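This is what each chain is made of:
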Amino acid sequence: MAKPVPQGAGEFRLPSTEQSFVLGTIESPVGAIPLVGGELFWQDMRGHYLVRWNIGRDRFMVEPGLYAIGTPDSTSPVFVSANYKMSFDLLRKTLTQSDGWILVLDTLGINVWCAAGEGTFGTEELVDRIQASRLQKVVSHRRLIVPQLGATGVAAFEVKKYSGFSVHYGPVMLADLPAYLENKCRATPEMRIKDFPLIERLVLIPVDVMLALKQGLPLICLLLLIAGFARDGTFLQAIFHHALPPVFAVLAGIVAGTIVTPLLLPWIPGRAFSVKGGLSGLFLLLLFFTLCGGFSADYSMFAKISWPLIGISIASWFGMAFTGSSTYTSLNGVRKEMLRAMPLQLLGLLAGLGLWGTSLWLG
Amino acid sequence: MAEFRYLEDVVTLECDQEKCIGCTMCTVVCPHAVFRMEAGKAVMAFRNLCMECGACMRNCPSGAISVEAGEGCVRGIINEILGIEGPCC
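Keeping their order, the protein sequence lines are chains A and B. To convert, note that position 70 of the first sequence is 70 in the numbering used here; the numbers rise steadily by one, no gaps. To convert, note that position 9 of the second sequence is 9 in the numbering used here; the numbers rise steadily by one, no gaps.
Just so you know, the hints here were simulated from the structure itself, not pulled from any lab data. Note that this is a predicted model, so its numbers are computed, not measured. Cβ atoms here follow ideal geometry from the backbone N, Cα and C, with glycine treated the same way. Treat the hints with care, since some could be wrong.
Claimed, not checked - Here are the simulated EDC-like cross-link-like pairs (lysine to aspartate or glutamate), alpha carbons at most 16 angstroms apart as the crow flies: (1) A/336 / B/85; (2) A/93 / A/18; (3) A/336 / B/80.
What the hints assert, rightly or not - Covered by chain B, according to a simulated footprint, are these stretches of chain A (three or more residues, beta-carbon under 8 angstroms): (4) 32-43; (5) 156-170; (6) 280-289; (7) 330-338; (8) 343-349.
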């Protein structure tokens, strides 16, 4: 995919200093380079909080190009990053005590790993950005520290061939970067492994809940509307009586798939995420309707079977969707899982809706 | 490391011993330590841990590694099943 830089590309360009986090500039042979610090301010933190809830996430970005941090000179290291502001901010926070250059690639506001998978954090963009920043005039060495997870998009040997810079893959986690630098840019085997600890799964939950609600709300509205036409009671009475249990089943399914499954991921039985989601759903739905007395209340058997069916199908679906956020599932694994799970999920949901619909009119 | 394991025997990762020049790049870039060097050649020691990110293939200068790389997200695969070009994630 990577090609030599086309003619005319790589025209000289530096990032704007009119960005909230730019503290000033630092002189270099190619001009004044925007200077940033390691400190995050309240507007940075506010942005981080909002994007964790999927608010403004697709435009949370910094201008690509070369930045300075600390008081770098021509011998200082060059760190390559993505223009997702979260990636950039966490890098400069990690580099608080260091002097260096940060080369931000244009990844359309996507983080390093995902952008590398899509190819925007890639050889071509890196080679182009080196040229556009006139990096060879700013630093006297020819080394780049690229995040290891960027290797999915960056071919080190091609970067060397087309730009003269040699790529050194840094650690997977930013937290290990200071130790990596201390250790003469050598990573220990542990620094090369991508794990998926509880805290990382936890921070992903709000975005997944928001995305799930977007999908779940139409279904909830549909349930409310249909319930109104049940044979007993007035429109509003019928909604209250018949729609509440399945609406809670949908919500419980979303909770099971987007909160319980990620949190308890290593401990829920099964390898497939759809199985983990389905089991979380089964457990949560049975627990919920037993505790709130739904199973012993005055509802038909059809209705009582329909609620867990609907909830479990939805839990399985959102559990499966968490493969996209996980750090260890493979394309062919997810494809295999989906081809098997989706017919069952659809069948479960339709059977559940069918039984519930039947209960509205046949009692 | 055995804490997280996905489905067995599904990945498409292949490593051609004949083409391997022993540069060790695959052992550097792999986030799941799938590769190990044996007698100067890369071998797939933990093939089932592969997540098909494609970093090894991309960084193999001799083209010894092949894998159907991709992100494996639900939306991307549904688009693929429906035969439409669409973004993943």
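Results for each hint:
| no. | hint | verdict |
| --- | --- | --- |
| 1 | A/336 / B/85 | violated, 20 angstroms |
| 2 | A/93 / A/18 | violated, 20 angstroms |
| 3 | A/336 / B/80 | holds, 13 angstroms |
| 4 | 32-43 | violated (count 0) |
| 5 | 156-170 | holds (count 3) |
| 6 | 280-289 | violated (count 0) |
| 7 | 330-338 | holds (count 9) |
| 8 | 343-349 | violated (count 0) |
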